[in-house]
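Undergrad: The residues making up each chain are set out below.
2 protein chains.
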Amino acid sequence: MRVLGVDPGTWRTGVGILDFEKGACNPVHYEVLWLQGKSKKDYQELSKRLRKIHDSLTEVFKIYKPDVMALEDVFYGQDFKAAVRIGEARAVAILAATEFDVRVSEYSPTQVKSAVCGNGRASKIQIQYMVRHLLKLRENPPADAADALAVAICHCHSSKYVQLSTGNSR
Amino acid sequence: MRVLGVDPGTWRTGVGILDFEKGACNPVHYEVLWLQGKSKKDYQELSKRLRKIHDSLTEVFKIYKPDVMALEDVFYGQDFKAAVRIGEARAVAILAATEFDVRVSEYSPTQVKSAVCGNGRASKIQIQYMVRHLLKLRENPPADAADALAVAICHCHSSKYVQLSTGNSR
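Protein sequences appear in the order of chains F and D.
Position one of the first sequence corresponds to residue 0 (numbering that gives the first Met the number 0), numbered consecutively onward.
Position one of the second sequence corresponds to residue 0 (numbering that gives the first Met the number 0), numbered consecutively onward.
Just so you know, these hints were derived from the structure itself, not from any lab.
Quantities reported herein were computed from a predicted structural model and do not represent experimental measurements.
Misleading hints may appear alongside valid ones.
Unchecked claim - Rough simulated footprint, nothing fancy, chain D against chain F, three-plus residues with beta-carbon under 8 Å: (1) 16 to 26; (2) 120 to 128.
To be verified - Derived CB-CB ranges, DEER-like: (3) D:W33 to F:F99: 57 to 63 Å; (4) F:E58 to D:W33: 39 to 45 Å; (5) F:D72 to D:D72: 40 to 46 Å; (6) D:M0 to F:W33: 47 to 53 Å; (7) D:M0 to F:T109: 46 to 52 Å; (8) F:W10 to D:K61: 56 to 62 Å; (9) D:R120 to F:R102: 39 to 45 Å; (10) D:K64 to F:I62: 33 to 39 Å; (11) D:L136 to F:F99: 40 to 46 Å; (12) D:Y63 to F:D66: 36 to 42 Å; (13) D:N139 to F:F99: 51 to 57 Å; (14) F:F99 to D:R102: 55 to 61 Å; (15) D:S157 to F:W10: 54 to 60 Å; (16) D:K47 to F:Q35: 29 to 35 Å.
The beta-carbon is built from N, C-alpha and C at its ideal position, and this holds for glycine as well.
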């Protein structure tokens with residue numbers, strides 16, 4: 000099973016791809032889409048950024064052919080405006096997935112942190128460190144890519160439990 | 000100038016189209032996209048709803064060929080989760096606009112209410128009533144369609160001011 004993890008944001012979107020085979024997660028690819036525009040207030044810029052997220056993820060779907068896309072659910076952040084922005088980035092990722100008939104799975108931040116660090120309140124740095132350790136990477140992945148890989152790892156863990164209980168890995 | 004107003008939501012999205020000619024707004028079309036799924040918690044359903052908003056708006060762009068899309072900006076609502084959902088619906092509307100090279104203009108709720116009702120704190124019912132009155136409609140449009148028409152009217156008003164000051168209606 001190939002899992003695409005996405006950490007969506009309208010300024011930076013993290014992308015991480017894993018193969019989950021025989022109970023092990025093997026890294027395939029990770030990257031951060033940088034979406035900087037000239038001004039945060041410029042709406043043409045936002046629409047260009049959303050278009051870029053969509054088009055870049057479309058390329059990822061074409062090249063890597065994931066079976067599933069895993070996203071972190073959003074809960075009770077500090078900033079209403081930021082929540083709207085996260086929703087915007089999430090939507091274009093979900094839309095790209097539907098174009099390739101790839102199903103979308105969603106996990107809470109606590110589930111992701113628990114799956115990767117064994118602690119639902121782990122820090123960003125702990126996630127980076129554990130993702131590097133679990134995937135045997137030579138260096139820490141960038142924070143946004145680490146978050147994307149973390150949600151992909153979380154999906155593999157959840158699938159493993161499903162496999163144990165139902166005998167079906169997908 | 001043809002203006003498409005959109006009031007985005009992942010359960011209902013309002014659509015309203017006006018022609019703005021010689022200082023007057025003439026209604027062309029309005030509708031509410033109903034996006035009900037089986038369950039609010041079912042993510043497949045959300046992705047289907049986002050796809051439906053995108054595909055329905057794509058049809059609107061093809062049929063009515065608007066020059067500009069007007070959206071209400073989102074400010075300080077009560078619910079973080081609701082903000083994410085609004086962002087999701089906004090994004091697919093913006094993405095559809097970029098596919099047709101239609102520019103996106105954005106107005107605050109206060110701007111929209113002031114443009115339509117002369118009062119930045121007008122109620123939903125006042126907006127419905129004034130939209131009906133301003134566009135000489137035979138009946139009140141549904142609330143979501145009225146909001147979409149209201150943001151389109153707001154864009155026309157703003158364009159009128161631009162016209163007065165620069166001699167250019169667009």
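Undergrad: Does each hint fit the structure? Answer for all of them.
TA: Hints versus structure:
Requiring three or more residues with a Cβ within less than 8 Å of a Cβ of chain D, the coverage given for the stretch 16 to 26 of chain F is violated, as only 0 such residues are present. Coverage of a stretch by a chain is defined here by at least three residues with a beta carbon nearer than 8 Å to that chain's beta carbons; for the stretch 120 to 128 of chain F and chain D the count is 0, and the condition is violated. Taken as a hint, the range 57 to 63 Å is violated for the pair W33 of chain D and F99 of chain F, whose Cβ atoms sit roughly 26 Å apart. Here the CB-CB span from E58 of chain F to W33 of chain D is close to 33 Å, at odds with the stated 39 to 45 Å.
Restraint check, D72 of chain F to D72 of chain D: a C-beta distance of roughly 25 Å breaks the suggested window 40 to 46 Å. Between M0 of chain D and W33 of chain F the beta carbon distance is about 35 Å. The supplied range of 47 to 53 Å is therefore violated. Against the hinted window of 46 to 52 Å, the Cβ-Cβ separation of M0 of chain D and T109 of chain F comes to about 49 Å, which satisfies the hint. The given range of 56 to 62 Å is broken by W10 of chain F and K61 of chain D, whose C-beta atoms sit roughly 32 Å from each other.
Range check, R120 of chain D to R102 of chain F: Cβ separation about 44 Å, and the 39 to 45 Å hint holds. Under the hint 33 to 39 Å, the C-beta atoms of K64 of chain D and I62 of chain F, about 35 Å apart, fit the expected range. At roughly 42 Å, the beta-carbon separation of L136 of chain D and F99 of chain F lies within the given 40 to 46 Å, and the hint holds. Range check, Y63 of chain D to D66 of chain F: Cβ separation about 38 Å, and the 36 to 42 Å hint holds.
For N139 of chain D paired with F99 of chain F, a C-beta distance near 42 Å fails the hint of 51 to 57 Å. Look at F99 of chain F against R102 of chain D: about 29 Å separates their beta carbons, and that is not inside 55 to 61 Å. Checked against the hint of 54 to 60 Å, the C-beta distance between S157 of chain D and W10 of chain F comes to roughly 28 Å, which is inconsistent with it. Checked against the hint of 29 to 35 Å, the pair K47 of chain D and Q35 of chain F passes, with Cβ atoms roughly 32 Å apart.
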